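Trainee: Build the full structure now, drawing on both the sequences and the hints.
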Amino acid sequence: MRYFNNIILFKLITFQKLLIVLTLVFISGCKKNIDPLSFPEKEVVIKELIINGNQAEFFQIRNFWENTIGCEVVNQTLNTFTIKIGTSLLTFKPNFTSLARPQYHFAILIPSNQIENCLAWLKNGGKKKDGDEIQLWRGGETNAEIIQSPLYNSSSVYFADYGGNIIELVARRNLDNPEEGEFSSEMFKEINSVSMVTKEVRVAQDLISQNLGYQPVDRTTSGYKVMGNANGLINLVVQNRILPPTTTEQAYPFEMELVVQNPDTIEVPLPGFFVKITTRP
Amino acid sequence: MRKLLLLLLISLPLLSFAQQPTRNIVSPDTVKPKRSDSLLVDTTDYWKDTLNPIKDSKIWRDGEITKPVKPRPKKKKFQIRFSDRIEYAFMLDYPLTTGAGVETSLLFQKKVGAWSDSLLPPYFGGDSTQAQRRRARIYRAAKIFLIDAPLESIILATQQDFFGHMARMREFELNSKYVFRPINLISFWKPLGYISFDTPKIETEASRQQLGQIASASLEAGGIASDLLAMRWMQRKAVFYHEALHNLRLQLAGLSEVLTVSKNPNTGKSSAEDWMYYTNRQYGFYSEYGYTAENMKRDYAIATFTNPNLYTSLYSVFYNYLINGSDSMRTPAIKIGYGKFVLPWVRYSFTPLGPEWVPEITLTRHRHILNVYGRIGTGVFAQSYGGGIRLNNFLRNDFVSLNAQVAFWNQPYLFKNWVNQEILTIGTGGAATVTGYFKLTKGWHFPISAVAQLGYKTRGFMEGEVWQAAPIIRIGLSFALDKDFEEDYNYPQYEEIKTNKEKKKEAYEAKKKARAKTSTKTQPRQNPYVK
Numbered sequence: 006m007r008y009f010n011n012i013i014l015f016k017l018i019t020f021q022k023l024l025i026v027l028t029l030v031f032i033s034g035c036k037k038n039i040d041p042l043s044f045p046e047k048e049v050v051i052k053e054l055i056i057n058g059n060q061a062e063f064f065q066i067r068n069f070w071e072n073t074i075g076c077e078v079v080n081q082t083l084n085t086f087t088i089k090i091g092t093s094l095l096t097f098k099p100n101f102t103s104l105a106r107p108q109y110h111f112a113i114l115i116p117s118n119q120i121e122n123c124l125a126w127l128k129n130g131g132k133k134k135d136g137d138e139i140q141l142w143r144g145g146e147t148n149a150e151i152i153q154s155p156l157y158n159s160s161s162v163y164f165a166d167y168g169g170n171i172i173e174l175v176a177r178r179n180l181d182n183p184e185e186g187e188f189s190s191e192m193f194k195e196i197n198s199v200s201m202v203t204k205e206v207r208v209a210q211d212l213i214s215q216n217l218g219y220q221p222v223d224r225t226t227s228g229y230k231v232m233g234n235a236n237g238l239i240n241l242v243v244q245n246r247i248l249p250p251t252t253t254e255q256a257y258p259f260e261m262e263l264v265v266q267n268p269d270t271i272e273v274p275l276p277g278f279f280v281k282i283t284t285r286p
Numbered sequence: 004m005r006k007l008l009l010l011l012l013i014s015l016p017l018l019s020f021a022q023q024p025t026r027n028i029v030s031p032d033t034v035k036p037k038r039s040d041s042l043l044v045d046t047t048d049y050w051k052d053t054l055n056p057i058k059d060s061k062i063w064r065d066g067e068i069t070k071p072v073k074p075r076p077k078k079k080k081f082q083i084r085f086s087d088r089i090e091y092a093f094m095l096d097y098p099l100t101t102g103a104g105v106e107t108s109l110l111f112q113k114k115v116g117a118w119s120d121s122l123l124p125p126y127f128g129g130d131s132t133q134a135q136r137r138r139a140r141i142y143r144a145a146k147i148f149l150i151d152a153p154l155e156s157i158i159l160a161t162q163q164d165f166f167g168h169m170a171r172m173r174e175f176e177l178n179s180k181y182v183f184r185p186i187n188l189i190s191f192w193k194p195l196g197y198i199s200f201d202t203p204k205i206e207t208e209a210s211r212q213q214l215g216q217i218a219s220a221s222l223e224a225g226g227i228a229s230d231l232l233a234m235r236w237m238q239r240k241a242v243f244y245h246e247a248l249h250n251l252r253l254q255l256a257g258l259s260e261v262l263t264v265s266k267n268p269n270t271g272k273s274s275a276e277d278w279m280y281y282t283n284r285q286y287g288f289y290s291e292y293g294y295t296a297e298n299m300k301r302d303y304a305i306a307t308f309t310n311p312n313l314y315t316s317l318y319s320v321f322y323n324y325l326i327n328g329s330d331s332m333r334t335p336a337i338k339i340g341y342g343k344f345v346l347p348w349v350r351y352s353f354t355p356l357g358p359e360w361v362p363e364i365t366l367t368r369h370r371h372i373l374n375v376y377g378r379i380g381t382g383v384f385a386q387s388y389g390g391g392i393r394l395n396n397f398l399r400n401d402f403v404s405l406n407a408q409v410a411f412w413n414q415p416y417l418f419k420n421w422v423n424q425e426i427l428t429i430g431t432g433g434a435a436t437v438t439g440y441f442k443l444t445k446g447w448h449f450p451i452s453a454v455a456q457l458g459y460k461t462r463g464f465m466e467g468e469v470w471q472a473a474p475i476i477r478i479g480l481s482f483a484l485d486k487d488f489e490e491d492y493n494y495p496q497y498e499e500i501k502t503n504k505e506k507k508k509e510a511y512e513a514k515k516k517a518r519a520k521t522s523t524k525t526q527p528r529q530n531p532y533v534k
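Chains Z and E are the protein sequences, given in the same order.
Taking this note's numbering, the leading residue of the first sequence gets 6, the next gets one more, and so forth.
Taking this note's numbering, the leading residue of the second sequence gets 4, the next gets one more, and so forth.
Don't take each hint at face value.
[What the hints assert, rightly or not] Below are the BS3-like pairs computed for lysine-lysine, each with C-alpha atoms no more than 30 Å apart in a straight line:
id : chain 1 : residue 1 : chain 2 : residue 2
1  : E       : Lys338    : Z       : Lys22
2  : E       : Lys338    : Z       : Lys128
3  : E       : Lys204    : Z       : Lys128
4  : Z       : Lys128    : E       : Lys266
5  : E       : Lys343    : Z       : Lys22
[What the hints assert, rightly or not] One-sided and incomplete, this derived list gives chain E residues near chain Z with beta-carbon spacing under 10 Å:
id : residue
6  : Thr69
7  : Ile205
8  : Asn283
9  : Arg284
10 : Tyr289
11 : Ser290
12 : Glu291
13 : Phe418
14 : Trp421
15 : Val422
16 : Gln424
17 : Thr428
[What the hints assert, rightly or not] Quick list of simulated restraints, FRET-style, between CB atoms:
id : chain 1 : residue 1 : chain 2 : residue 2 : range
18 : E       : Val345    : Z       : Asp40     : 37 to 47 Å
19 : Z       : Ser227    : E       : Leu373    : 23 to 33 Å
20 : E       : Pro474    : Z       : Asp269    : 56 to 66 Å
21 : E       : Ala304    : Z       : Lys204    : 47 to 57 Å
22 : E       : Gly340    : Z       : Val26     : 24 to 34 Å
23 : E       : Asn267    : Z       : Glu187    : 48 to 58 Å
24 : Z       : Val208    : E       : Pro474    : 50 to 60 Å
25 : Z       : Thr28     : E       : Ala472    : 18 to 28 Å
26 : E       : Gly271    : Z       : Asn216    : 24 to 34 Å
Hints listed in this document are in silico derivations from the structure and should not be mistaken for laboratory results.
Given the structure is predicted, the values throughout are model-derived calculations rather than measurements.
Yeah, the Cβ is synthetic: ideal placement off N, Cα and C, and Gly gets one too.
Mentor: This is the structure we're talking about:
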């Protein structure tokens, strides 16, 4: 009888354990909210992005953007050059302040159906057809070439320019802007998002929402806060955070000026020294 | 196609003839118990025993009394009922899914095997001399390779095309049709037809994940079929030759598809290659694959060659049937008690979220089945895990037998529509179904049941089911085609275990009787010679 009792007890204990494990599994599964993000109404319209390039590599950077990617150089001075990316402008300045090699992350919007062609285009050397493969930044965890982001409903390819910047070509499915034809840099729509590195993400977020009226996207963390919507985004990244999709590159607040569309002309310096947002009508 | 389906539905009752066993089916449930525990009685001392007041004890010539031998504890034996017969179901649901289709295809496989055996029985002449046995083996080998294996190939192709690839295409609302080939007697083992579809169109309509799922649907159907067969073998505790041959054909088809995948996969060669090509693309791997052909070959070979059911099939077909001429054999499983067996195996599953390992363990208690399985995603594409429990025959009586299934999973996303990619968030999900077989007739020859499977599943990938959250409703007819048990209600009389209370009560009553006997005055013996 005792033997049978023991068996029943054993069964009860194992059943209880099983129940606990199953409940934990269920809770752990339920806890994560992996639904696609819902974006606020106001978008960030990026007019121009002004970033630094290493002085020693300045000529090669311009050569890369003009001849390899195929972007039109719209303005050139002794120290700077500006290229046209769709409706936005990208200006490079040499960094005189340090010998460091500045590294930025920004995303260029491409048509929603062109992500595979875009990858093939990069692999064939961009504008120089059958040229050397443009260096890609692959997904750190999976090593994938095209990175799916179900949260943002987008697919991205990341490549490195001559200066080592992380440039993302993003196809946003929910924008529904397909284009047929052979892929080229003429299909670049605009600079869609920019990562701005700051020590104080919350302070920066408050400054931006007070001065410019952009709202943060829910469920983005205090270390990586996203503001705006799929048509235009600002990513506020805390200093020293690893920049996706890499597993090695750390975010650092290099000098940067982001020019966005706004009726009034204002300047919003973010916490730190060199990162600021200016506006232009 | 619709006319063919209608014809099939009309002629469905014809399938209900039960199979006549060619020889006695080997199954422990049908073997009568041996009575090895009977006592030997010393007849020379019988007269003394008659005087013995204590029952079953003996008094020897020197006056010594031996106590009665304690009989072995008698175990409760299982009564095989009508409701324990294995059901071969014809199921319909909307859209005709792989889960329902594989069940149906196995019914046809059973029937085709039975017809093949009735036309050409597995034994040829006698088997008492060496020459006769040799002749019979040659005959059976010819039957396997010329009739049974080609038939299995045709059934498998139909199972994989119509209930595999096309089932998923129906689910994703992609146009396809089955084109029948003209009958060719020279290459008679080839499938009856092929699936016709517009590749560029479906490549723009469906996501790469959906295309991968369509491609791997044949292997998915194969996995479900091999599981169903293995569970039937465990439930019946006997393996039939035709089922073993079908399983062998399944495994061979899977191996030939996987092991021929090239290093740079492309579409249109084999299901496994298509799955690999599309799934890698869905998750952004183009020039270097996240999951390479080598990885797939290694994992699939491990899963296939460690599966005991493969060796059971090989033994059943090539030794038990071909050499010995027997079309059934005991299921090799680990015995853990009377009528209790256990068998673990691991399967490899091609899911739209990446490859998954499916370790399974099946426990049987007579004809009740408990199958517990896990789903462990390899994480090369998406992180996923899950598991489930299947209970077969958990409730049975003369009118109904019930099966139940519960499953859960944790998966991230499914993608639909490649151009305007629709994202289906999953998270934690689950499914629960109950299948009831309601007996309509109880005869030997027309054992028909009505079958209804009801349940619900949340969104997510589960073998044989649709992606979306949906109720699971399947209805059909089911036929208990095996005569693998004694005639109804003519089972041998078994004895039951007695509880301690009952034993004590019996002992007390026996003592009481003995006391009553001793207390009554015995009559003096009458001398027969004295009148």
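Trainee: All the hints need checking, so say for each whether the structure fits it.
Mentor: We went through each hint and held it up to the structure:
1. Lys338/E with Lys22/Z: Measuring from Cα to Cα gives roughly 26 Å; hence the hint holds.
2. Lys338/E with Lys128/Z: Judged against 30 Å, a Cα distance of about 59 Å means the pair is violated.
3. Lys204/E with Lys128/Z: Satisfied, since the Cα-Cα distance of roughly 26 Å is no more than 30 Å.
4. Lys128/Z with Lys266/E: holds, 20 Å
5. Lys343/E with Lys22/Z: Holds, at about 24 Å.
6. Thr69: Where the cut-off is 10 Å and the nearest Cβ of chain Z is about 30 Å from Thr69/E, the hint is violated.
7. Ile205: violated, 16 Å
8. Asn283: holds, 9 Å
9. Arg284: holds, 8 Å
10. Tyr289: holds, 5 Å
11. Ser290: holds, 7 Å
12. Glu291: holds, 7 Å
13. Phe418: holds, 8 Å
14. Trp421: Interface hint status for Trp421/E: holds (8 Å vs cutoff 10 Å).
15. Val422: holds, 5 Å
16. Gln424: Nearest chain Z Cβ about 4 Å off; hint holds.
17. Thr428: Since the shortest Cβ distance to chain Z is 5 Å, the answer is holds.
18. Val345/E with Asp40/Z: 37 to 47 Å: Taking Cβ atoms as reference, Val345/E and Asp40/Z lie about 42 Å apart, which means the hint holds.
19. Ser227/Z with Leu373/E: 23 to 33 Å: At 48 Å between Cβs, range violated.
20. Pro474/E with Asp269/Z: 56 to 66 Å: holds, 57 Å
21. Ala304/E with Lys204/Z: 47 to 57 Å: At roughly 54 Å between Cβ atoms, Lys204/Z and Ala304/E fall inside 47 to 57 Å, so the hint holds.
22. Gly340/E with Val26/Z: 24 to 34 Å: Since the Cβ atoms of Gly340/E and Val26/Z sit about 26 Å apart, the hinted range of 24 to 34 Å holds.
23. Asn267/E with Glu187/Z: 48 to 58 Å: violated, 24 Å
24. Val208/Z with Pro474/E: 50 to 60 Å: Given about 52 Å between the Cβ atoms, the range holds.
25. Thr28/Z with Ala472/E: 18 to 28 Å: Between Thr28/Z and Ala472/E, where Cβ atoms are some 22 Å apart, the hint holds.
26. Gly271/E with Asn216/Z: 24 to 34 Å: violated, 57 Å
When each numbered hint is compared with the structure, violations occur for hints 2, 6, 7, 19, 23, 26.
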